[in-house]
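Quick note, the sequences are listed as chains A and B, same order. Residue 0 is where the first sequence starts when you use numbering that gives the first Met the number 0, and the numbers rise one by one after that. Residue 0 is where the second sequence starts when you use numbering that gives the first Met the number 0, and the numbers rise one by one after that.
If a hint is listed, it holds; no wrong ones were tucked in.
Repeated chains share a single entry, so a pair holds when one copy, or any two copies, can fit it.
Below are the SDA-like pairs computed for lysine to any residue, each with C-alpha atoms no more than 20 Å apart in a straight line:
no., residue 1, residue 2
1, K62, A181
2, K159, F102
3, K62, D187
4, K49, A65
5, K62, G146
6, K1, R198
7, K49, V183
8, K86, A134
9, K159, W101
10, K62, A17
11, K49, G71
12, K62, N10
Hints were generated in silico from the structure; no laboratory data involved.
As a plain string of letters, each chain reads:
There are 2 protein chains.
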Amino acid sequence: MKVLIVYAHENPASFNGAMKDLAVEVLTGQGHEVQVSDLYAQGFNPVAGKHDFTELSGAEFYKYQAEQVAAGERGTFAADVRAEMDKLLWADLVIFQFPMWWFHLPAILKGWMDRVLASGFAYGNGQMFDRGKLAGKRAICAITTGGPAAFYPDLAESLKPIMFGILYFTGMQVLPPFGAHAPVQADDAARAGMLAAYRERLEQLAATEPVKYPTMAEMGMG
Amino acid sequence: MKVLIVYAHENPASFNGAMKDLAVEVLTGQGHEVQVSDLYAQGFNPVAGKHDFTELSGAEFYKYQAEQVAAGERGTFAADVRAEMDKLLWADLVIFQFPMWWFHLPAILKGWMDRVLASGFAYGNGQMFDRGKLAGKRAICAITTGGPAAFYPDLAESLKPIMFGILYFTGMQVLPPFGAHAPVQADDAARAGMLAAYRERLEQLAATEPVKYPTMAEMGMG
Numbered sequence: 000m001k002v003l004i005v006y007a008h009e010n011p012a013s014f015n016g017a018m019k020d021l022a023v024e025v026l027t028g029q030g031h032e033v034q035v036s037d038l039y040a041q042g043f044n045p046v047a048g049k050h051d052f053t054e055l056s057g058a059e060f061y062k063y064q065a066e067q068v069a070a071g072e073r074g075t076f077a078a079d080v081r082a083e084m085d086k087l088l089w090a091d092l093v094i095f096q097f098p099m100w101w102f103h104l105p106a107i108l109k110g111w112m113d114r115v116l117a118s119g120f121a122y123g124n125g126q127m128f129d130r131g132k133l134a135g136k137r138a139i140c141a142i143t144t145g146g147p148a149a150f151y152p153d154l155a156e157s158l159k160p161i162m163f164g165i166l167y168f169t170g171m172q173v174l175p176p177f178g179a180h181a182p183v184q185a186d187d188a189a190r191a192g193m194l195a196a197y198r199e200r201l202e203q204l205a206a207t208e209p210v211k212y213p214t215m216a217e218m219g220m221g
Numbered sequence: 000m001k002v003l004i005v006y007a008h009e010n011p012a013s014f015n016g017a018m019k020d021l022a023v024e025v026l027t028g029q030g031h032e033v034q035v036s037d038l039y040a041q042g043f044n045p046v047a048g049k050h051d052f053t054e055l056s057g058a059e060f061y062k063y064q065a066e067q068v069a070a071g072e073r074g075t076f077a078a079d080v081r082a083e084m085d086k087l088l089w090a091d092l093v094i095f096q097f098p099m100w101w102f103h104l105p106a107i108l109k110g111w112m113d114r115v116l117a118s119g120f121a122y123g124n125g126q127m128f129d130r131g132k133l134a135g136k137r138a139i140c141a142i143t144t145g146g147p148a149a150f151y152p153d154l155a156e157s158l159k160p161i162m163f164g165i166l167y168f169t170g171m172q173v174l175p176p177f178g179a180h181a182p183v184q185a186d187d188a189a190r191a192g193m194l195a196a197y198r199e200r201l202e203q204l205a206a207t208e209p210v211k212y213p214t215m216a217e218m219g220m221g
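Produce the complete structure using the sequences and hints provided.
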């Protein structure tokens with residue numbers, strides 16, 4: 000497999016950093032190719048705007064999503080957006096490694112979604128969900144939480160706005176998430192246990208079944 | 000009332016811009032005081048990081064949320080974060096004006112939540128939901144969507160991760176949201192109708208009842 004890890008943590012010594020390093024080690028050890036988008040280290044700009052394009056379409060009314068469509072047709076995405084798109088197109092599997100903040104993505108990773116999963120590139124013209132433009136790829140959320148596991152009795156449900164509303168919307172098949180709960184409050188043995196559990200998940204990734212979400216037809220969307 | 004409008008759109012000529020301008024006009028016309036945080040115009044940085052603090056706490060392990068707590072105690076938040084906190088503390092009512100992107104906040108506004116609604120400032124030490132540190136304030140989401148109204152049969156439910164999971168978590172009472180659906184595809188008359196409906200909502204804001212969310216006690220959280 001070709002695996003892209005999109006990693007959103009400031010501190011390389013964090014538990015998120017340890018999970019990212021472990022994923023690189025296990026997956027390369029299995030013979031997969033791995034690339035990492037280290038958003039903090041790259042200084043990734045999460046703000047969507049005119050700087051996403053090397054030139055504008057010339058439309059009378061500037062609308063960001065319309066410019067995304069035009070940029071896809073004209074090849075005028077800015078280099079930082081294009082680089083992430085290229086890695087995404089290359090990948091068979093994408094691991095999103097992040098701490099849950101406000102039950103959602105840290106802004107730096109939300110902005111990756113806003114800018115890279117562009118209209119016309121990841122979805123558009125009726126192409127979404129099972130017909131999304133990234134169909135054939137798989138994705139998994141590998142996260143940490145601040146609160147204990149009891150706060151997240153069904154992690155896939157807590158992450159549904161991301162797993163279903165963003166990733167599956169683009170056509171990606173989404174694997175069950177992996178969560179490490181409150182690692183900062185755990186002792187070394189507990190943290191080692193979390194990493195061992197993640198290692199086991201990583202070793203089985205290639206054979207893991209995605210979460211079953213309805214098709215457009217099943218949702219009555221034609 | 001003292002009203003803060005946190006506004007997250009790049010284009011002043013957008014429908015979001017028109018809604019923001021209308022809110023300023025109506026609320027000042029009613030005698031309220033209004034401040035606007037224009038995140039794009041301010042060049043607001045949504046990325047949480049060490050730059051949020053004028054100095055670090057000196058803790059052996061750098062953890063962002065712990066640094067937030069320390070910065071609140073020591074008065075060491077960076078100027079851009081402090082400025083937003085001051086406006087928030089000043090306000091009785093906060094209007095969040097934004098386009099829904101990926102069923103959630105644009106990254107520039109998600110980062111405002113990550114950085115400004117800091118641990119120790121907006122919540123912490125068991126102070127959350129009805130006991131949150133921003134209790135007594137009210138908030139409303141005023142949004143635009145790309146899709147038609149039929150995609151959002153219950154807008155308060157679509158926005159629950161923001162309304163309940165973020166705003167109410169800090170103690171704010173959250174008013175029913177206002178949504179303008181697919182204004183970019185509407186004709187001028189339809190857009191004028193949306194603005195007329197928003198004007199009516201704005202005129203009644205002071206008397207609007209918040210959405211009823213459970214208290215910590217009702218959620219079994221002691």
